[in-house]
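Protein chains: 2
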Amino acid sequence: MQILDGKVAAQAIKDELKITVAQRVIEGKKVPHLAAILVGNNGASETYVAAKVKACEETGFKSTLIRLEQDISENKLLEKIEKLNNDPDVDGILVQLPLPKHISDKKVINAIDPDKDVDGFHPVSVGKMVEGIPAFIPATPYGIMLLLEHYKIETKGKHAIVLGRSNIVGRPISILLSGNSNPGNCTVTICHSQTKNIKELCLQGDIIVAAIGIPGFVKTDMVKDGAVVIDVGITRIEDATKKSGFRLKGDVDFENVSPKCSWITPVPGGVGPMTIAALMKNTFRSCEMSN
Amino acid sequence: MQILDGKVAAQAIKDELKITVAQRVIEGKKVPHLAAILVGNNGASETYVAAKVKACEETGFKSTLIRLEQDISENKLLEKIEKLNNDPDVDGILVQLPLPKHISDKKVINAIDPDKDVDGFHPVSVGKMVEGIPAFIPATPYGIMLLLEHYKIETKGKHAIVLGRSNIVGRPISILLSGNSNPGNCTVTICHSQTKNIKELCLQGDIIVAAIGIPGFVKTDMVKDGAVVIDVGITRIEDATKKSGFRLKGDVDFENVSPKCSWITPVPGGVGPMTIAALMKNTFRSCEMSN
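Taken in sequence, the protein lines are chains A and B.
Under this note's numbering, the residue at position 173 of the first sequence is numbered 173, and the numbers go up by one with no gaps.
Under this note's numbering, the residue at position 143 of the second sequence is numbered 143, and the numbers go up by one with no gaps.
Okay, chain A solo, but in the shape it has when bound (with noise of 0.2 Å):
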């Protein structure tokens, strides 16, 4: 069993765009800006938005991180996003979810340019990626090929299960997954809720993609020797020898899975790492686009 090893992935990715930029600096081009908005303060929402602006920090890029009140109004957040929109400056818009429930995600999502829609969120963006037209591509699947990439794992006619129909992770990875490319050209199984059979179609998978939230779900009767397995899941545990009072856990069941893999993520430190090396090759992109 060897690990796919996102942190090593994310750092290797992290390290060429920071040369790339470095480059564009002495060529005296503008560097890639990244605006953050976050509303509220929610723990694991503040985690992730400081994550991405270090990030920023590591690889040279400029961020700003737009920090508004829970209680903001709806139009008072969609005014800021024109207003980055209308910014030559910004080159990718970024507003953590969730956000407060008395605020329209979708609204907020369709109010961002597609051109600065570094999530990947935006049905424009969403569209292109299945029509298979260059697209920012949302950042956790990409981040999920960008790591098949960097391990050289085949693809090409495997077998891939995907647990898990969200917008954000199982519906694009099984869309990607299941495209003419390379990482790509598997025959997908997207399975979900309403799914009769998980245990037999999991058992039929050359790579396992699980993204449900179910702690553990995937266990070691459901998983092919060989089997790659990519674990998107990452719930907060309650665990009171942690100083933090938790810890997290994947979908997957990875002490007693893993002897069966060729290949597994760990939780931490696999799929969420290359969560935000994929954000960041979007906003390279496109402040390569645009300037």
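Hints are supplied without guarantee of correctness; some may be wrong.
[Stated by the list, open to error] Okay, the calculated beta carbon distance ranges per label pair: (1) I133(A) with E79(B): 21 to 27 Å; (2) S193(A) with D71(B): 49 to 55 Å; (3) K224(A) with N182(B): 57 to 63 Å; (4) S104(A) with S244(B): 52 to 58 Å; (5) M289(B) with G40(A): 33 to 39 Å; (6) Y151(B) with E149(A): 43 to 49 Å; (7) K29(A) with K156(B): 52 to 58 Å; (8) M289(B) with S193(A): 28 to 34 Å; (9) A50(A) with Y151(B): 32 to 38 Å; (10) K243(A) with M289(B): 33 to 39 Å; (11) N197(A) with A240(B): 23 to 29 Å; (12) I19(B) with E288(A): 50 to 56 Å.
[As the list claims (entries may be wrong)] For lysine-lysine, the following DSS-like pairs were computed, each having C-alpha atoms within a straight-line distance of at most 30 Å: (13) K199(A) with K156(B); (14) K106(B) with K249(B); (15) K196(A) with K156(B); (16) K76(B) with K156(A); (17) K199(B) with K196(A); (18) K152(A) with K249(B).
These are computed hints drawn from the structure, not numbers from a lab.
No residue lacks a Cβ here, since even glycine has one placed at the ideal position from N, Cα and C.
Once you've looked at the hints, dock chain B against the given chain A.
Here is chain B on its own, set in the frame of chain A:
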């Protein structure tokens, strides 16, 4: 074995639309107006467009057929589309594909106002469909969903095998069938040219959607007893006994496969008529939304 009769289901949809349109007329409201652009004189395209115009007549829609020369420039075609985009009387714009080689399909599709994109090929339409936002769904997959709905085929929890990953059929129908909707909620496996064990996968299918364009590809030993088989294939086969010189053949070996099925679509008379009914539904929806 029972036939999923596209002619019957399409007629029912058109009859319903006809009544609703007549009601609109009584209320002094505008009738739906479909503008179809046909470039050159490809035989199959002529047939398809004629059928669409005829369906408009049957349902009380207004239709405009715009014929353009095979050698029209891309720019001239784009200007034509822009004019239709700006014409408030036009609810739906349809450019019959394929276009001559010197014209970019993508550029033309992207030029259509997403609010009039009744073929559902614009990235905005595709993105909305993926994200489950009400959208114009491409006519063929939408037609399949309407056919399943008409015959009240239970799809929830069923395993659907989709053969083909084209943007026109395979990809969108795999998204629709796996969505949280009714029809829908299937586990979906998407297969394509790189899939290794198509036969074994098909044998797992409670539902098989064949959309690869290889006549007679799905044979009796690939289908389990009681399966629902949807045949999207429609290839012209030379046939000297026919006045036209050809006959239409689907992707399924109907003669031998049909006895095993619970339901199956014939070719012709299955998915084909539903495609047109779906286009009518989209055009009607566009008219209703803006008037």
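Right, here's what the structure says about each hint:
Checked against the hint of 21 to 27 Å, the pair I133(A) and E79(B) passes, with Cβ atoms roughly 23 Å apart. The hinted window of 49 to 55 Å between S193(A) and D71(B) holds, with their beta carbons roughly 54 Å apart. Between K224(A) and N182(B) the beta carbons are some 33 Å apart, a value that contradicts the proposed interval 57 to 63 Å. In this structure, S104(A) and S244(B) meet the distance hint of 52 to 58 Å, their C-beta atoms being roughly 53 Å apart.
For the pair M289(B) and G40(A), the beta carbons lie near 35 Å from each other, so the given range of 33 to 39 Å is met. For Y151(B) and E149(A), the Cβ-Cβ distance of about 44 Å falls inside the hinted range of 43 to 49 Å, so the restraint holds. At roughly 54 Å, the beta-carbon separation of K29(A) and K156(B) lies within the given 52 to 58 Å, and the hint holds. Judged by the Cβ atoms, the range 28 to 34 Å given for M289(B) and S193(A) holds: they are separated by roughly 32 Å.
Separated by about 54 Å at the C-beta atoms, A50(A) and Y151(B) break the suggested range of 32 to 38 Å. K243(A) and M289(B) have their C-beta atoms about 55 Å apart, which leaves the hinted 33 to 39 Å range violated. For the pair N197(A) and A240(B), the beta carbons lie near 49 Å from each other, so the given range of 23 to 29 Å is not met. At roughly 55 Å, the beta carbons of I19(B) and E288(A) sit within the given window of 50 to 56 Å.
Proposed proximity of K199(A) and K156(B) is supported: the alpha carbons are some 18 Å apart, at most 30 Å. Between the alpha carbons of K106(B) and K249(B) the distance comes to roughly 29 Å, so the proposed pair stays at or under 30 Å and holds. Annotation: proposed proximity of K196(A) to K156(B) holds, straight-line Cα distance about 10 Å (limit 30 Å). Between K76(B) and K156(A), the direct Cα distance comes to roughly 42 Å. Violation of the 30 Å bound is thereby established for this hinted pair.
Our distance criterion of 30 Å between C-alpha atoms is met by K199(B) and K196(A), whose separation comes to about 21 Å. Taken as a hint, the K152(A) and K249(B) pair is broken in the structure, with Cα atoms around 42 Å apart against an allowance of 30 Å.
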